Amino acid sequence: MEYNTIYKPKGDAMKHIKIDPITRLEGHGKIDIFLDEQGEVANCYFVVPELRGFEKFCQGRPVEDLPRITTRICGVCPEAHHMASAKACDAVYHVTIPPAARKLRELLYNTFYCADHTVHFYALGGPDFVVGPDAPKAERNILGVIRKVGLDAGKKVIKLRALAGEIIETLGGKKIHQVTAIPGGVSKGLTEEERQKFLSYASYFVEFGQFTLQVFEDIVLKNSDYVDMILSDTFAHKTYYMGLVDENNKVNFYDGMVRVVDPEGNEFCKYHPHEYTEHISEHIEPWTYLKYPYLKNVGWKGFVDGKESGVYRATPLARLNVSDGMATPLAQEEYEKFYDTLTGDSSGKTPVHHTLATHWARVIELMYAAERTKELLEDPEITSPDIRVIPTEIPTEGVGTVEAPRGTLTHHYKTDENGIVREVNLIVGTTNNYAAISMSIKKAAQGLIHKGVEITDGVLNKIEMAFRAYDPCFACATHTLPGQMPLELRIFDKDGQLITSKKRY
Amino acid sequence: MSKPKLALYWAASCGGCEITVLDIEEKILDVAEFFDIVFWPCAMDFKYEDVQAMGEKEIDITLFNGAIRTSENEQMAKLLREKSKILIAFGSCAHEGCIPGLANFFDRKGIFEYAYKQSPTVEEETRGTYPQPHTRVPEGEIEIPEFYDTVKTLDQVVEVDYIIPGCPPQSFQVWGVLQAVMDILKTGKPLPPKGAVLGAGDKTCCDECPRERKEKKIKEFVRPHQIIPKEDECLLDQGILCMGPATRSGCGALCVKANIPCRGCYGAPPNVRDQGAKMISALSSVVDASNPEEARKILETIADPLGTFYRFSLAHSTFRRAQIPNGKAQEKVVAQQEAEAIH
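Chains as they are written, first to last, in the numbering used here: chain A, 1 to 505; chain B, 506 to 848.
One or more of the hints may lead you astray.
As the list claims (entries may be wrong) - Partial chain B-side listing against chain A, Cβ under 10 Å, derived:
1. Cys-519
2. Cys-598
3. Phe-617
4. Thr-692
5. Lys-694
6. Cys-739
7. Gln-743
8. Gly-744
9. Ser-786
10. Ala-787
11. Ser-789
12. Ser-790
13. Thr-813
14. Thr-823
No lab work stands behind these hints: they were computed from the structure. Small disclaimer: the values here were computed from a predicted structure and weren't measured. C-beta: ideal position from N, C-alpha, C; glycine also.
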């Protein structure tokens, strides 16, 4: 079998460590680590061995069906594609949707954020902190989290996911692969009875957000070892940051302008999503199917950070770094605490570069999503039957952008005069971070793998932690139990002989 | 007695089939209790070697989701076939190619050309660089799987025992099948006949649809965004192309209940070989035309007929893929039984 082919160095003395497969990345990702003659990490290649070709095969399809075709890019975050696609369709038809339709879309989307961020925190990223990075591997999963935080917490997580699922199915038509957002609005409204019921769910989301912030406080922030790890250089990169902001420069998931700040926190640019091609370029490497977006006006300088490199990040951490705050009170309170703790400047103007702080940022976003869900349900207009307009303009071209949980998601469509798709370009959430993730893995490997150092399970886990913080959605199913991926390292000597191997189950 | 062995695997897919299994919620614990889950890359930490090391037919049941898009997908399908007593095509991708199968309107060249050359965001410096199965880098060599020209379904590369349709299969249906399987394994009841479709109905989506059907007389087709349909009337009666008549029941008519037409994700109804042909046949009886010219005009109001009739089933249809002579005539779909030979 190809997966197990032992790499044989061809005439060079490099050692080759393969982490293959990384089963919880979508497809079957792998990390190739090459050592030099001194046994130090020479280079790291994070390979995404899969492509499905959506951009091409959407050509020829009726544009109004794209919101239900592009959901199939990801079964974990179909909501993000459904929304970005519907917004691109509205733009193609030059139509402004009724306020109630916009609110219903935003409601569905924030509910989805509640569920998605919860699963990541408790099942995936959380175990590293809650249970501890050096805890026995059998404990480092959601069951370990439940043991530590209490069975009650596990029940709370399951309840949140079930309630959010019910709202999503009601508003979106299906729990997975929603169908209701169409050019001009949404096909299905919300009844007063449903609103009342969901309002009680939203109150629960808010309580749950507060509970989770408390868990983070008690278990992570009160443990100086964890705080030191968050602040360590091994897990830091000074990059640009990108995210959507509203008219007050507050974080917004559904709509807004794209704001980019430089590593010092100064605004580098702020643009309307339809101008994205003036700001984003993509670099290609022949050994992976995924492209590397970067800031066009800074340029591609390779896998390096700093102000001269166009590498940027678009993650929960990035969204906080580009914004001036959160639009809801409880989330804002925590935003100030976040920056006060990590930079000493509660205004948030000084960016946080510590990748592991992304987990904290995610919990703050969870708080915002919960509060926003409640706000939207308290708005009487949300039950308005005025949820659709019929597009009358000739369709042309449009861009739709939302913040997917894993990064700024852009759909760009061009159609003929009948609304048949001629061109589709996509910049998908995690893809934004592909270069940064690769750099984070390399830096962690360089910091942890040295000649004579035994490759322990804890070492493997710390390399994983470097990219788990990004919640990579190569990785649709990273959102599953038990939140720990198998790694395999093999080290070969210069003759291709296996000298040590480390497997983790 | 040792527990029956269960494996779940994903090939070219979106992950939705995995989520739908998890959506059975706390009942997943019953499944984990009953079975020895020997391979589930998305949720559990077992590796390819473990599967390779198993004896022939050592796994009792494998649920395989995802289409066959790359060489790696095909190798895994063959390996799991060898190791499994029962192999189930789980979800629309494995069953009939699903949305990724729409790529069969094109080929690898066209897909690469857009992604790595024509896309407006690709930089000038590396524009036109295509992924290679083997790449020499300064430190060594990196391998990636080969991307095929044609998306194949699971039953086009290995023998399949049963099918669970849907995009994704609804989780209540998945739980129903798992319960039935556990019962069979406990009691020794006979298995369903080979090739059976599990976790779905034996009628059409229309039979589950609450909307009222009248005698259809369609003068013109309209697209979903062009009208606000009446609440209780059949969407097709209102001129919106709905795949309900050509789609197997099982989902509970979710889309139509949300005022959106069916696109056929549960596949063809019983005893129908080709979903698109079934839809054409269904339409022929409802178009209100008195002569062929009139009928042609009405049918021309359907946007993207092939991409709609075969939205989920192109890779499994009689056609399987579009032939693309000289990169032109992409609309022309012709039968090509040797599609696999392309690569």
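Here is how each hint holds up against the structure:
{"no.": "1", "hint": "Cys-519", "verdict": "holds, 4 Å"}
{"no.": "2", "hint": "Cys-598", "verdict": "holds, 9 Å"}
{"no.": "3", "hint": "Phe-617", "verdict": "holds, 8 Å"}
{"no.": "4", "hint": "Thr-692", "verdict": "violated, 29 Å"}
{"no.": "5", "hint": "Lys-694", "verdict": "violated, 31 Å"}
{"no.": "6", "hint": "Cys-739", "verdict": "violated, 16 Å"}
{"no.": "7", "hint": "Gln-743", "verdict": "violated, 13 Å"}
{"no.": "8", "hint": "Gly-744", "verdict": "violated, 14 Å"}
{"no.": "9", "hint": "Ser-786", "verdict": "violated, 22 Å"}
{"no.": "10", "hint": "Ala-787", "verdict": "violated, 19 Å"}
{"no.": "11", "hint": "Ser-789", "verdict": "violated, 22 Å"}
{"no.": "12", "hint": "Ser-790", "verdict": "violated, 24 Å"}
{"no.": "13", "hint": "Thr-813", "verdict": "holds, 8 Å"}
{"no.": "14", "hint": "Thr-823", "verdict": "violated, 19 Å"}
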